[in-house]
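Undergrad: Letter by letter, the chains look like this.
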Amino acid sequence: MLAFNFFGATEGGLFDINATLPLMAIQVVALTYILNSLFFKPVGNVVEKREKFVSNNIIEAKNKLSEVKKLEADLLTQLQSARKEAQRIVSEAENESDKLYKEALELANNEANASKEKVRLEIESQTSDARDQLSKQADDLSELIVNRLILEK
Amino acid sequence: MFFNSLLTNFAALEVGQHLYWQIGNIRLHGQVFLTSWILLGALLVFISLGTKKMENDPKGLQNLLEFLWDYIRDLARTQIGEKVYRDWMPFIGTLFLFVFVSNWGGALIPWRLIKLPSGELGAPTADINTTIALALLVSLSYFYAGLSNKGWRYFEYYVHPTPIMLPFKILEDFTKPLSLSFRLFGNILADELVVGVLVFLVPLILPIPVMFLGLFTSAIQALIFATLAAYYIGEAVEEHH
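Chains X and R are the protein sequences, given in the same order.
Numbering-wise (the numbering used here), the first sequence opens with residue 1 and increments by one.
Numbering-wise (the numbering used here), the second sequence opens with residue 1001 and increments by one.
To be clear, the hints were calculated from the coordinates, so they are not data collected in a lab.
Straight line, CA to CA, 27 Å or less: simulated DSSO-like cross-link-like pairs of lysine-lysine:
(1) X:Lys49 with R:Lys1083
(2) X:Lys52 with R:Lys1059
(3) R:Lys1083 with R:Lys1176
(4) R:Lys1083 with X:Lys52
Generate the whole structure from the sequences, applying the supplied hints.
TA: Given below as structure tokens:
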């Protein structure tokens, strides 16, 4: 009824194995070589060349990035040391000027004190001179008065 | 009357009928070669069109071919290993492409419209000769891969964890090609038969989901065949120490 002719037939059947098998094998082997030269090799070359190109570029970019970072760090340390140096110079100059100012102030004070003292001494001596003279004149005057009084008697 | 015509129609579903070519003393299944030549011709035309102008910035077909190449490389590399996958990638790729093109070509092209004196055109992989040929090639390949990579040390594989494994490993050498060939053959033939029977019974709409399922099966079978072939080769070249 149905044409399902599975086993046992000398002619036909699902499991009819004949020279188709080795010829198909040869055909597949030939196809492997054809596809290798037509497809796998050329496409592989292009893809692998591109992969190499991309990975090389990535490595190069990474190297450049690390170099940039190193330079940046270098610059930062340089900047910091320059800042410190500047601070040091400024504070040194401030100290110096402070010292000079103090010295000048002291000198001026001393001078002023010295001249004040001198003047005071002078005033004192003049005052005592004047007092001596005054008391001497008073003595003279009193003697004169005494003499006159004695003479009139 | 109707029943009779149904039966004759049913009988027209030809299974196990072949178009015989006689060359000298040998007989061939002509329909297998006819479809495989048409499909492989199409594949080669497609590939030569895609690789005609290879550029660093891929365009059009080259994109598709590069995707395919990458897919096959990943398959070969994961199964065979970094060391020798390059040698076997063309073989694994050819197996994948051949099985895939055969399966899909058999399912997508309405071969039934071409009348042959005997038998009918269909997927080349629905013929047991094709699948056994592919499976035996895989067997030869993994033997060759193992022997060429490890020399006589390849046979350590047979006693690898313990010598108790020896009979099972020897048995495996027979079951591997058997399962490879029959899995592919059975799946593709069954798919063709199911679609054929359904088309006879319900010519409209109902066969369509089954046809989609068939396309899915076809693609999966191609992947399974290539993956297993690569796995067997990888197993043969693997160093156990």
